[in-house]
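Asks: Residue-level listing of the chains:
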Amino acid sequence: MSSTPLLVILVGSIFTNNIIFASFLGMCSFMAVSDKIDTAIGLGSAVTFVMVATTAINYLVYHYILVPLGLEFISYIIFIAVIAAFVQFVEMFVERFSPGLYIALGIFLPLITVNCAILGVSLFMVLRNYNFLQSTVFGLGGGLGWTLAIMLMAGLREKMGYSNVPRPLKGAAVIMLVTGVLAMAFMGFSGIINL
Amino acid sequence: MIEGILAVGITTSIFILLSAILLVAEKYFTDYGICSITINEGSSVLEQKGGITLLSSLIDNKVFIPSACGGKGSCGFCKVIVQSGGGSILPTETSFMTRGEIRSGVRLACQVKVKQNLEISIPEGLLSVKEFSATVASSIELTHDIKELTFDLIEPVDIEQKPGQYIQICAPAPDGVVFRAYSISSPSYEKNKVQIVVRLIPGGIASTYIHGLKVGDSVMFTGPYGEFILSEDESTDIVCVGGGAGMAPINNIIHSLYAKWPNRKCYLFFGCRTLNDVFYLEQFKELAKIHPNLKIVYGLSDPIGDDEEWDGDSGFIHLSVDKHLEFGKKSQAFLCGPPPMIEAVTDILSEKGLKAEDIFYDKF
Ligand SMILES: Cc1cc2nc3c(=O)[nH]c(=O)nc-3n(C[C@H](O)[C@H](O)[C@H](O)COP(=O)(O)OP(=O)(O)OC[C@H]3O[C@@H](n4cnc5c(N)ncnc54)[C@H](O)[C@@H]3O)c2cc1C
Ligand code: FES
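For the protein sequence lines, the chains are A and B, in the order given. Counting from 1, one number per residue, gives the positions in the first sequence under this note's numbering. Counting from 196, one number per residue, gives the positions in the second sequence under this note's numbering.
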């Protein structure tokens, strides 16, 4: 088991190993839904919630079902199925019990199923040998890091609306460039700690 | 080998387990029991199994709310006032509402889910909307993609409609049925039949169904819907501008108009692309011989071929409106056609001095 302290995992997964700027995972919804801060926060909170919960569930499934049977190699399929089922479940649950939250998150939930950052966090947790608590904190940090990244991008894009972007760079191209610059900025954190 | 079987077995069992959890959850979460829907302070009360939209509940109970887009939340026609039990308004609805409407509890019936007892109010006029069964009396090809269909009413045998109103035809769809709006083309004095003019939309559910109907087939529709009211003041001119299947309501307006006021002034502007898109022109020319105050202008937007003859206008139809309409005459206008045409014509009409409240339109 890894012995990294929880606080280090939390800070590390938000800043130094930011899932977007260091691993470039979850890019599709990052590019698609980062045009307004409000929606970015909505999607970010949904991602964080699902990330924490699925990392925890996947931890249990992995260590209590797959490892004892020596079936680590099917973890990809199982993780994906768990994530998809969980998202479905949450969608139904929220629709029934919290219509307000459903309106806020509802449209984002289906997007999350295909967000590779979620799967990524589950796979990293295995790779880095985290225990249950560490995995959950890592899920939380991953989600917060993703939210931070998409909020930064949304803020920049709201401002970029007023600037004069050269024609060939309009749209996705300029977002890619900005993501690159942001990633370099985040490299500045890398001296602090490393996961 | 053993490992392979184990892997498949475990994967399958986990998948089955997850599906089972979801199925149970769905059954539990979407079961809202029986809810009651109280309409217009108790003038009728419906008992309905919860979980479906208010629009479907009302249609199931034969209360027909206009729903031109078939419940997709894109037409904004299905407005009702929900006094209680509807939850808060959704972002999909607000774009169709004025602030006043939001404050007084107006909702789109297709976006409200029945989850508890509801109290709603709907305009009394809608309660008189009926469900009609009819048979196809004729189906005539007007152009390469437009057909005119006439239905003989069976039950009820007659319809009270006003020019500009529309019916909603029920068409079979992969998952159940859909309702689509079609303006009534037959004049309002013809009580025993309903005529419509339908353009075939490639891949369109209802238009494909209607184009495939044969004489003798039975159809089901609801109606009439729509608010347009023809000005009763004889000194007000009527200006009709249309294109394509937008002919339907205009045909109704013109014939109904001359049945009542034989000398009323009325303009008909009809935009087509080529000569092949022209229809009803001869018929209107005949009508204009009896009622000389009917002015007919057909315009072709594409250039005319060398071997074709055309004595009408050329260019887009809003240019014809600009050319022929006098400034400042008291008029009421009815526009019917594709959105860009409506916008262009609306601009010209305001330049001609028409007030916004005298310009009515249906976007097809
Ligand atoms: C008040 C009102 C009156 C109407 N009166 C008439 C009428 O008299 N005659 C008539 O032919 N139609 C009329 N329409 C339009 C009609 O209700 C249907 O929308 C149309 O026939 C398409 O239905 P569908 O089921 O065939 O296509 P759908 O299955 O709903 O749509 C298939 C595809 O076509 C697209 N599409 C839908 N409508 C159009 C369109 N109008 N132009 C281009 N693409 C479209 C859709 O986006 C979709 O991708 C009226 C609509 C309204 C709201
Ligand atoms: S039916 Fe069209 S918006 Fe509700």
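There's no promise every hint is true.
As the list claims (entries may be wrong) - So, partial list: chain B residues that the calculated Cβ filter (under 7 angstroms) puts toward chain A:
| # | residue |
| --- | --- |
| 1 | 197 |
| 2 | 200 |
| 3 | 202 |
| 4 | 206 |
Stated by the list, open to error - A few chain A residues that don't get close to chain B, going by computed Cβ distances all over 10 angstroms:
| # | residue |
| --- | --- |
| 5 | 66 |
| 6 | 70 |
| 7 | 128 |
| 8 | 158 |
Stated by the list, open to error - Taking lysine to any residue and the SDA-like style, the derived pairs with C-alpha atoms no more than 25 angstroms apart in a straight line are:
| # | chain 1 | residue 1 | chain 2 | residue 2 |
| --- | --- | --- | --- | --- |
| 9 | B | 274 | B | 241 |
| 10 | B | 267 | B | 234 |
| 11 | A | 36 | B | 234 |
| 12 | B | 244 | B | 321 |
| 13 | B | 222 | A | 98 |
| 14 | B | 222 | B | 234 |
| 15 | B | 222 | A | 69 |
| 16 | B | 267 | A | 88 |
| 17 | B | 267 | B | 231 |
| 18 | B | 222 | A | 71 |
| 19 | B | 409 | B | 423 |
| 20 | B | 484 | B | 430 |
| 21 | B | 244 | A | 108 |
| 22 | B | 460 | B | 514 |
| 23 | B | 222 | A | 172 |
| 24 | B | 310 | A | 195 |
| 25 | A | 36 | B | 274 |
| 26 | B | 310 | A | 96 |
| 27 | B | 274 | A | 102 |
Hints were generated in silico from the structure; no laboratory data involved. Since the structure is predicted, the reported quantities are computational estimates derived from the model, not experimental observations. For each residue, glycine too, the CB sits at the ideal point set by N, CA and C.
Asks: A separate judgement is required for each hint: does it hold in the structure or not?
Replies: Going down the list of hints, with the structure as the test:
no., hint, verdict
1, 197, "10 angstroms, violated"
2, 200, "11 angstroms, violated"
3, 202, "5 angstroms, holds"
4, 206, "6 angstroms, holds"
5, 66, "8 angstroms, violated"
6, 70, "7 angstroms, violated"
7, 128, "24 angstroms, holds"
8, 158, "19 angstroms, holds"
9, 274(B) <-> 241(B), "18 angstroms, holds"
10, 267(B) <-> 234(B), "23 angstroms, holds"
11, 36(A) <-> 234(B), "40 angstroms, violated"
12, 244(B) <-> 321(B), "23 angstroms, holds"
13, 222(B) <-> 98(A), "17 angstroms, holds"
14, 222(B) <-> 234(B), "29 angstroms, violated"
15, 222(B) <-> 69(A), "33 angstroms, violated"
16, 267(B) <-> 88(A), "22 angstroms, holds"
17, 267(B) <-> 231(B), "24 angstroms, holds"
18, 222(B) <-> 71(A), "33 angstroms, violated"
19, 409(B) <-> 423(B), "31 angstroms, violated"
20, 484(B) <-> 430(B), "21 angstroms, holds"
21, 244(B) <-> 108(A), "28 angstroms, violated"
22, 460(B) <-> 514(B), "20 angstroms, holds"
23, 222(B) <-> 172(A), "42 angstroms, violated"
24, 310(B) <-> 195(A), "48 angstroms, violated"
25, 36(A) <-> 274(B), "30 angstroms, violated"
26, 310(B) <-> 96(A), "9 angstroms, holds"
27, 274(B) <-> 102(A), "22 angstroms, holds"
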